[in-house]
Each structure stands twice: as C-alpha cells, then as structure tokens.
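Residue numbers (numbering that gives the first Met the number 0), protein chains in the order written: chain Y, 0 to 199; chain A, 0 to 810; chain Z, 0 to 301.
Quick caveat, the hints were computed from the structure, so don't treat them as lab data.
From the three backbone atoms N, C-alpha and C, an ideal C-beta is built for every residue, glycine too.
There could be a bad hint or two in this list.
To be verified - Mimicking DSSO-like on lysine-lysine, the simulated pairs with C-alpha atoms at most 27 Å apart in a straight line are:
| id | chain 1 | residue 1 | chain 2 | residue 2 |
| --- | --- | --- | --- | --- |
| 1 | A | K772 | A | K754 |
| 2 | A | K270 | Y | K92 |
| 3 | Y | K42 | Z | K205 |
As the list claims (entries may be wrong) - Rough simulated footprint, nothing fancy, chain A against chain Y, three-plus residues with beta-carbon under 8 Å:
| id | region |
| --- | --- |
| 4 | 86 to 94 |
| 5 | 116 to 128 |
| 6 | 136 to 147 |
| 7 | 153 to 166 |
| 8 | 175 to 184 |
As the list claims (entries may be wrong) - One-sided and incomplete, this derived list gives chain A residues near chain Z with beta-carbon spacing under 8 Å:
| id | residue |
| --- | --- |
| 9 | S54 |
| 10 | E172 |
| 11 | L250 |
| 12 | Q704 |
| 13 | K723 |
| 14 | W726 |
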Amino acid sequence: MLKEISRRRFLGTGSAALAGTAIGAFGFDGVEDALAASIRPFKLAQTSETRNTCPYCSVGCGIIMYSKGADKAAGKLGTISFIDGDPDHPTNKGTLCPKGSGLLDFVNAETRTKYPMVRKPGSDKWERVTWDYALDRIARLMKDDRDANFIAKNQDGTTVNRWLSTGFLAASATTNETAWMTYKVVRSTGMLVFDNQARV
Amino acid sequence: MTNSWTDIKNTDLVLIMGGNAAEAHPCGFKWVTEAKANRGAKLIVVDPRYTRSASVADYYAPIRQGTDIAFLLGVIAYLIKNDKIQWEYTRNYTSAPLIVKEGFGYKDGLFTGYDESKRDYDRASWDYEFDEQGFAKVDPTLQHPRCVWNLLKEHVAQYTPETVSRICGTPKEAFLKIAEMIGETSAPDKVMTSMYALGWTQHSKGSQNIRCMAMLQLLLGNMGMMGGGMNALRGHSNIQGLTDLGLMSNLLPGYLTLATDREPDLETYMKTRGFKPMRPGQTSFWQNYKKFFVSFQKSMWGAAATAENQWGYDFLPKLDLPSYDVLRAFELMHQGKMNGYFCQGFNPLMSFPNKNKIRAALGKLKFLVVMDPLQTETARFWENHGEFNPSDPSKVQTEVFELPTTLFAEDEGSLTNSSRWLQWHWPGQDKRFEIRSDVWVVAQIFRRLKALYEKEGGAYPDAMKALTWEYANPDEPSPEELAREINGKVLEDVPDPADPSKKLLEKGKQVPAFAMLRDDGTTSSGNWIYCGCFTDAGNMMARRDNRDPSGLGVYQNWSFSWPANRRVLYNRASADLQGKPWDAKRSPIAWDGSKWSGPDIPDIAPTAKPDQVMPFIMTNEGVGRLFVRNMMKDGPFPVHYEPFESPVANVIAPKVRGNPAARVFKGDMEQFGDAKEFPYAAVTYRLTEHFHYWTKHNQVNAVMQPEFFVEISEELAREKGIQKGGWVRVDSARGFVKAKAVVTKRIKPMTCDGKTVHVVGIPIHWGFIGATKKGFGANSLTPFVGDANIETPEFKAFLVDIRADTGPATS
Amino acid sequence: MADIALELARQSATAGGITGALAPKDDFQVSKLIDTSKCIGCKACQVACLEWNDLREQVGVNTGVYDNPHDLTENTWTLIRFTEWDNTATGRLEWLIRKDGCMHCADPGCLKACPSPGAIVQYTNGIVDFNHSACIGCGYCIKGCPFNIPRISKTTEKAYKCTLCVDRVAVGQGPACAKACPTQAISFGTKAQMKQLAEKRVADLKSRGFDQAGLYDPPGVGGTHVMYVLHHNDRPQLYASLPDNPRISPVVELWKGAVKYAGIALMGVAALTGVLHHTVMGANRVTARDEEEGEKIQEGRK
C-alpha cells in the first residue's frame, strides 16, 4: 500500500534532502546517478507556512502561503514563493480552482500598484507623489466639498446631517475589520452615497 | 447561504438555476460531486447555456434568461396539482392558513394599488386580516377563500406546463421531468438544495426570483433541513461580510436600517421597528432591535452617546430617498451633482452597466480616489486606449489619485464566506514598495480631515469629533482591536437580577453573545450578528478545529459562524410539531422533552416548546411567508415580468414592460432597445478561468482564457455568416463590443411564444489593463436599470445585434 | 518512506539494463485516476501544473473554443480538451472533457524510441520521466508515444512532458494537479487502489444510465499509470481522439530490438536513420504507411 505521507509529517522532518537520502540508502551505483540527475529538489523545503484564505469567491478556501526568507526574530515575513490549498480546511480540503491555484501570480502581478500616484486635471500622465501629499490633498478636497454642500437640516427643519456630493464605494475582499473602520469613518462624515460590490 | 458549503453533501437533489456553481465556485461545487458520489444525489441544471455545471448534471434543461419566475411558479402549480406538498410543514410552518384582508387583488400582471405615473404601488391592501388583539386571523382548514393558500393556488394556476414552455422556451417534457424530480423532495425525509447566484439577482425582478424559490422550498419542507435551504453563492470573498457590516447607503451593521427624514427622533424611528408578534405566543426576534441599535451607537460614539441625546441619534445621517445605491450614485454623478468619489478595491468602470455613461460620469467629478492593489480601469478612465476606452485626457478635469494597498497575502483579519463563517487569516509577506493597508489609508484620511476641522472649523464636525478612536496606535488601528470592537464589550457592571450581589456582566469584558446586549448603554457591539466572534475566550474566528463528530459537515469548532455560531439557519424547522426530526439521519437538532439539542446550535430559544413556538422567529408571524405583505415593492407574490429588453411580449400581461415597480431614470428608458433593432437575447456571465477583472492581471490565468469572446449557436453563426474564432461586433442600444466568436452546440435556439429566440452569451472578464489581450467589457452593452427592491443591475437579460467584423481598430 | 522511495526500473538506450535496476513492483505501482464524469473542465490542474513546475506559458488568443493553450507545449504538460457531442441515442448533448497529458505507460514507447542513454527513465513505481541532462532533443520520443505527448522546446532543444510530479511523489505527496482538483476528479494512489475506486465510479455511472462506462487502462501499452474513468468506454475516441487501442508503433518496436540486440554501431546506420527520420519528421500520428513499412522491415528481420 502506498502510504500518503502528510505534508506536515514531511515538512516536520525539515529535510530537503529527504528524498535523496531515502533513495541513496539503496546503494546501487547506476541507480543513484540516474536518480540524482532526474529528480529536482523538493521546492517547499526551508519555507515558512502561513494560513490565509483565498481572496476571490465566497467559498472561502483555506490556503497555505510558503515564504522564503522569513525571520521571526527580526519581524520579517519574507517573500511568498508558492501558494496552495490547505488540506486541513473543511471546505476545500486542500484543493483550489484555477483562480486559487494561480494566486502567486496575483501577488506578483506586474500591474500591481506600488506607489501613490496622482493624475492632475487635463493631464495625460501619472505623477508619483508622497503619501503625505496625496493624503493631505484628499483631506483638503473632501473638506472643501463637505463644507460647501453639507446639509444639516432639511426643508422641514429636521436635523438630517447628510453629505451627498461625495460618495464612497467599498470593496468586496477587504477584511471585516477594514470594513468596520471604513464604516465608522464614512458615517461620521455624514456620507450617504455609500455602497459595496454586493450586486455585481 | 442558509446552510453551508459542507452541508451540501447531505442533499438528495441539487437544483442549480440562476447560477453556475461548477464554474464560479469550483471548490464549493465539490460538495455536489460528493453528494452525487456518496449519496446517489441527482443534479439538475437549468440555464440558457449548457455550462460546465451542466456537463456533470443528471438532467439539463434550457431556459430563456429572465423567465425563471414563470418556471418556478409553474413548478409550484405542478406541486399543488399533483399533491407534492409537505403538508404538515406547510400547514404549521408557513403562512398558508393566514387570511388576507378584503380589497387585495391581482389582475393582468398588476396588484391592487398601482400608480403608473410613479411606477410604484400603494401597498396598503397587501396585508392580513387582524383580530381585536392585533393578531392575524387564520383558517387552519385552509378553506377560507382569502387564506394565503387559496390565493397562492389561484395566483399560480395560469402557469401551466404549456404556458411555462411558451414563456421560457423550455421543452414541456423537460419542464415536467424537472417538476417531477423536484416534487419527490416533498417527502419529509427527502431534501433539495437550491444553489443560485447572480443568474437570479441581476434582473429587474431579482429579489422575486429568489423569493419564488424560497416559497417552493417552504412548500416542500426543505428549509431548515440539512442538505436543503436557499443557498446564495456570494460572488466575492467578503461581500457577505461587507453586507453584514452594513456598508450600503441605507443600512447599519447587522441588517438594521438607517433613519429617514420622516423619523426625526429615536421614538419615531422605533415605532416602525417594533416587530410585534402577529400570532399569539410566537417569538418575534426583531423585538430586540433597540438593544442592537443602542449597542451599535455606543460602539460608534462611546461616551458621547447618551440617553439624553437619544444615544447619539443625530450623529447619523438621515435618508431623503430609499437608497443611494451605485446606480443612483452614477446617475447623480452623470448629472454633475457629485464632486468626489472613493473606490476601495472596486472597479466600477468595468462593473456597472452602460460603460459609456459610467465613463462620462467619472469625468464630471472634481476628484476620484482609488485604493487598490491593482491598476484598475476606473483609475485610468481618462486614458485613451483606442476603441477600448476612447477618452480624451485633455478634456477630463478630474483629479485622480491611485493609492497602492495590500492584498490578502500582506493583510490580517477576517473574511465572511458564503457559509457565514468568519475566517481569520494572517500575512505571509512583508509590504513591498510603498504599499499600505486599507485600514491605514482610511485612518489617515480621517485623521487629516478631522485635524483640518479642528484647525479651521467648518460644517458639523460633531460626529467626527465624537467617533470612538481608542486604538494603541491611532495612525493604524490593529485588526484585533477592530475585531474586538465589532464584537462589543461591557461598558458598565450589570448586576444579576436574580442575585444583585453578583454581576451579570462585568465592565471591561467582551460581550459573550448577542443575547447579552442591552438597550441602556451598558454594552457596545459594532455588529450584533457578529457578537461572539471575539470574546474573552479569544478570537473565535481563528479557530481551526476541523473535527466533525456528527459526520454531517457541521464543523462546529471551525472559525465562527454568524449568528451565534449556528451552521444551519431555521434549523428548528428540521423537526415536526413534537420536535422529532423529519429525518433522524440528518438532524441538526431535536427536542429531548425539555430542550433542543444536537450537533448544531438551535435556531430558537433552547427551551421553546416545539408545539408552541413556530420555527421562523425572524418573522412577526413565526412562520415562513408565502405572502410577503407590503415588504416588497413589486408584489406580495412573484409575477412573471419580461426583462426591460425582451425578444417577446409578456404572455401573461402583454401591456406591462419590464417590472412595473422597477426604478428607471430619465434618459435610461430612452436607451432601452427593442427586438426589431436588436433581435437577440444577450446574457453576461463569469468563466471559471477568471475572477471578475482581477485575474486578467495574472499571467497564468491570462493563459487559460486569453481573449474576450462571445458565444453563439451554430444556427445563429450560419444565419449571420460568422466563423468560429472569427471577429464579431455586438451592438446594444448603449454601445458596442468587438470579440472573437465561440460557435457552440451548447447554445441552441429556443422557441418562445412561437418565435425563434437566439441567445448571445457574453463573458465579463476583459478590460484594457492587465496580462490578457485587451477587451471591451460586457458592460459596454448592458442596460442601466436595477431590481425593484435592491437595485441590482439587469446584467442577465437584454437585447443585442451581432454581425461578423474585422476586429478592433487598435489592439 | 522506503515504500514510496524511487527506484529505477529501466532507462532508455541502455543495452542490458542498468546496474542495480529493479523489476517493476506490483505493490508499489502508483497511478493517477482521472474521472471524466467528475471533471468540470476548470483547468485548475493546468494552473497547478504551471505553478508547481515553475513553468511559464505564452498568452495566446481565442480560436473559437475553450481549449487554451491550443495544444500541449514544452510548458503545458497537461491540457483540458473539450468535445461537444450530440448523443444520438439519447438525443442529449454531452460536453466531454478530458485532461490530456502523459499516460505513464507501463510499456513506454518514448523510452523505447529514445536513442540517448538515460534520457528517459522508468521507476519501479511506474513513473516515466525525462532526464534533461541526457536529452539530445532528437524528438524520437514523440514518435514513440502512441498518445502524442512529448514536446520539444525551441529554446532548450529538449523534450518535455508531465513527470507525474516525481519530486512530490518522492516525498509522499500526490501530483500537483490531483492536489488542486476541486471536484477530486483526479485521484492518486496505488494502481490497485485506483482500480478499486474506478470500479465504484463505474457502478455509479451505470446506475445513472451510462451502460458503457468503464476504466481506460489500455493493454496495448501494458496498461497505464494514468487511467481514465469514461462514461463511454466503448468509444474512447469521442474524448478528443483518445486512442481506442493504443500501441507502440512497429517502427519503434524494431528500434527497440535494434538497440537491445545489436547496438547502433552494428546496424546500417544510414538506413535506420532514414526510417527514424521519416518517423520523427513526418506526420505526428503514425500513418498506415509507417505501420506498413515497419511491419515490412520486421518481416525482413525474421
């Protein structure tokens, strides 16, 4: 019978050379050479694992991210080198769809945003700016619009405290914690034009 | 989902209609293949296209898009005619015996109270007859002509198999075969699960599509059962969470609602939110509304929310309109009435209908802020990409910010999946470049805005000043701090009423469960339905115990399932009036003579006697609503309405165009096309190789489906001289796309009301940024109209024309 | 560990076998079972294969079908092939979806055709693998393969195909495609286990009206270490031209004989190369003419 050796048991031994060692133990000259030439080292050796959840659809598959260069003592998480399904997860049991199986390409997409950028009115190009510039400018634009258009009372004199000329479209894959932070901030400014991706 | 992904393995019959689970949710679909392989379950797929779900189905039937209600009402008519009803369940657990008041009526596609000029109803007549104590009258014998059962029977009678086939294009034999298979699950120990998604929601009557299926499931006794239920397969990883947390114009967290202009104070606000039970002895759970509302306000405003200021009632804005949903937002923007807009991880230029209108609307903003881990088309709406995005940057005056944010791999926190499981995750990689978390960005914007108000003064800064901000690092609150806040904590000691020397609740502790929330300001909770997710016992969302002692896919100690860690909603309905399970082999809970117990958390008070308190405690009636009173805008029963753009007239109400109660903005009505100019029935959808507009950025997914295409039948291809793999141009009344043609046997012409209807299938995933070939975006074509109740755009049914073409001018 | 450790059974172009090589061991034979009736054609296997093996494929175009890329390549070692079939017997459309890739034949035609010592190896567990340090890129393996699987890279001038994730199997894990497969249409275990699983699946399919359901484990190549459950096992060719009865071309059988008994040097090198050149450079599939010629030569030898 072929014993499926669990991923944990294998990685627990912490040996990249495990396969080689086992093969070497047989001690056949020709075999060893041929095997050494034909099998590449197991690529997940010497990586650290982190549990995460696939960010795409709502199945919420468990994933394991394998990182290289992590250094807990120095607070470094390293760089992810491979992602696959979490076999302990009750729903996906280690499997992943074609989107989930390609998550590493999402993390490393060439068209990821990297720096704060601004495009000025009428311009045909982006300009890289500092975070401070972007955030201060956004706060200024918000305040100017809010002060000009905030509605404290409606025509009947009822206090309504709403701001309709600026809106916020929230996400679909941010965490609940991000959503709560966003909720607090948006509502405290009186914004009503507020929606998320529930419908599309 | 009322049930969970893993629960699907308990089913006898899977109906995939209004969705395509194999393609959109492959790893969830695993549980369908499990049920098939291990229980001998059957799979039915009903869809305009023979999809990859259909490829592994036991039975597939075609249906014209936008006619699901006719099909489902036809099934209900079949069940009634053939006595395939779970009678004990229907009599006791549904509103079948309740009597509707005189004056209610339905004729030619319209209910009583319609005002054509307003496209709206006066819904006063859509209600029960009440007795002196305010309880709804009932006729347990179901003989009363105006009891819900008889009204339903009458309402569905016209949906005969012949009429269904005439409307839907589904062959009569196929419809009857499916109705028969569904009818078998009326046996108390047989269950069907309904798996649906945007195929049902993205219609001008989307809410009624789903409601219709829920009625069907009630009549079959499949709600609350393991392997049964209504299973909405949410599209995105945390759209369930975003909705639960109320990130919509008219919501507060936990499905509480924002006040309107007609509710100037808390007392008036609470008047319409009292939820008095409509039957004697019933539990109406929403009677706890005020406890949840006050606890929410304490989370928001802390000490500034007091009994004197009605718990900070005026800190929240009030609505002058039913909602400021995205369609209204872009309508206002298009009219030049908005100046600023934020997009957080969202790409509206590709996601919302009528792309040309969306692009023009964005160009009227003063500023647009996009926070996203990817370069989106929205952030680049002003760029010229030839036919793919014909903007002239020199004419666009919008100031646009693109702020780089983290994605899942660099972020920590919880996501709520379709099973309602809150699952915690951890980062596995350092933030590179100048990428920051969304929490940091939002906190920074807020703190800088607040500082400006502190320095300069300005319009009503009070709410911003009052907002709680008790974080160790005010510049970047931690996920754990925010999660604790969502759960809620005890603000003051609460003595035990039984023994005042003891404390019921102790100040500073996390609230253990929503049952402990109070309306006197002594507790806080950001979202009552998430209460219990982060208690003094720790972060329940991070639990990873994957044991399943019952073997029924419950996984009680895996993460946290809202509400109250319950895995199957309405599970009380899985047992009869004596509390005995309809099927002992698949029982979430049972009555042991004194209390409810089982592998799941009871969806009722643990000691509520089975013959006294009915299962559906979230309704005022205590039972499942077959007649929904005035709670939906477009009718207490579903009616078949054609899409706004339809190849045929409405067979049952020829004068009614679209859903008569759906909102249509001025100018958009004029942009609806008709079948003379645009003869083909179009539908948009996802493909399994891609996720929305994200994976087109991924090299490997770009390889799997590299280029935008549309799908048509061999018959239509022949008729129009279109070659397999050749270029086509597809036009609607709003715009055009150019795409490659996939010519397939999987789409076949249908006959509807004697007319041949050709379907044009249009996948959504391409844009002008990313690793794939550039593509147009299906939303160039789609109509700007939403569902009457919740404004989900009608992406699934509209009209187009198609012809062979030579390809895009630039590529 | 020892029961799954890799041991060599044979390798290409090595007269008399290799020192220390072991006979194939029935107990340790591994196998991948692909259940076409559970496959939803999602291509997770294709993505998982590219990601695990650090392969990069070109972004192509749409040619009017769902198959992408359009064929196996030096980077695409597995490919979902779609066939739309009108079943005239039932009057219903069937969308037959098959994951294509190396079948890991018990009697591998590629290994037999390969002229470079040690470039193709077979382990005692049944896995057939290419050793790129020894591969000379001649392409004979393609001709030797009754399933038309290996592909030569224009950049490296070497042949590539599925390794059955030999690096994963060596450490006790299944192949990356089997790990990913959302519906568990791909299973991995011992050949005996997979045959047992297939039996259960075939019974289920028969109960759903697929009377001809069965296991595809073609005897012409000694059986395979990648097997299919087919709804229509009487007509494998329906599934994107899966051979009904695959066998190694007689040309290759001849070549095998030549290596084994005489060695290249003793043969009429020019004549033999001529035959093989035609075999390799000619049509991808073995033509009737090839068969005929091969048989003639074999006749002549007798």
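For which of the previously enumerated hints does the structure constitute a violation, in increasing order of number?
1, 2, 3, 10, 11 and 14
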